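Assemble the whole structure, with the sequences as input and the hints as a guide.
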Amino acid sequence: MDILSIGRIAGTLSTWWWLLLSLAFFLYIATDGTDLGAGIFALFSKDEEERGAIMASMAGMWDGNESWLVVAGGVLFGAFPLVYGSAFNYLMIPLMFALWGIIARAVAFEFHIHAKKSKRFWGWAFAVGSLFPTFFAGVALGATLQGFPMKSGLAMQSALAAHGVNVHDYMTPVMHFSGGILDFLTPFSIWTGVGAVIAASLAGGLYLCARFIPGDPIHERARSWTNVVSLLALAAIVITLIWSYAIFPWASAKWTGSDWWVWLIWFVIVLIFAFKSSTNHSARRDFSAMMWGIGVVALLWAAMWATIFPYVVPNTWTIVQAANPADSIAVFTLFMTGFFPIMIMYNWYQIWVFRGRFSKKMAYGAH
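Numbering follows this note's numbering, in which position 311 of the sequence shown is assigned residue number 311; successive positions increment by one, without gaps.
Worth flagging that the hints you see were computed from the coordinates, not collected in a lab.
It is possible that some hints are incorrect.
Claimed, not checked - Simulated pairs of lysine-lysine, BS3-like, Cα-Cα distance not exceeding 27 Å:
| no. | residue 1 | residue 2 |
| --- | --- | --- |
| 1 | Lys116 | Lys46 |
| 2 | Lys119 | Lys46 |
| 3 | Lys117 | Lys46 |
Fair warning: this is a prediction, and the values are worked out from it, not measured in the lab.
Here it is as structure tokens:
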């Protein structure tokens, strides 16, 4: 096999894993995003009984939903190690706070049901532990869209020289992180954090409406919550699109290029999905409203991914530049692709088993 053929295979496999990376992140957002949004709703709960009921409603699914985040991290590590390595330099602070929130939330799930005097503490840990990952993951996304501060240099040159090694034998130029610890923090990244909280809050409201019996106090409060947050979410989408168009030349060039009509049709479809979610919610078809809402997220996520193509990180690495060498990514493809259909089937079975509705009293008795 010649070098050209190997290059084509490597490019195809790299694009395949780029698509699977997008799928893993989307499935995490779609599944655990509803749980996180329900936790944000719990910040405004009137009593600990309500927080316990909300926790019980997702007790059988939350840990399985979070497994998609682990999968996404595994894909980055195995297929795009340069992105994985630099991300934990550039995004160390937001990822650290997001991780602390996830840990607090997980511990709260286990302790809340057994606690007596500290039950209120663990209820708040669950709620705050839902807010932190949502906001800081949104900040990390916004910072990533702005690109990583990188530069090409000579790896380990000074360290090798200090140990008496001839640095001329190690002159391979590599890309390495060149920014500061707070470079991720910009007005746009803060806004995407706020936008993520709004989106999760809407998803959480739709989830609670679908999980609790109509007429139950939580169901009725979630309905009112969703009516308000849906308007905020629509405004957040418009603001994010306009802001992105203004500051990202790679986005504006695609959206107003020769294929502008495709993006216009796509946006109209997004609005149709949002309208269907709203009308189903008004008609108390709660599960359908939630699924149409997830459809909106899927369309927006696909549009974002299509906009950044052929980059993994805009203005930093293309898919091919960031990918592992051909032999490594071929082995990774052979052994790891099969996990995706298995996990999707597991997630679907999990949702099917725990599909029943709750009431506030019934759920709290189990948590």
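Hint check results:
no.: 1; hint: Lys116 with Lys46; in the structure: 18 Å, holds
no.: 2; hint: Lys119 with Lys46; in the structure: 14 Å, holds
no.: 3; hint: Lys117 with Lys46; in the structure: 18 Å, holds
The earlier numbered hints are all upheld by this structure, with none contradicted.
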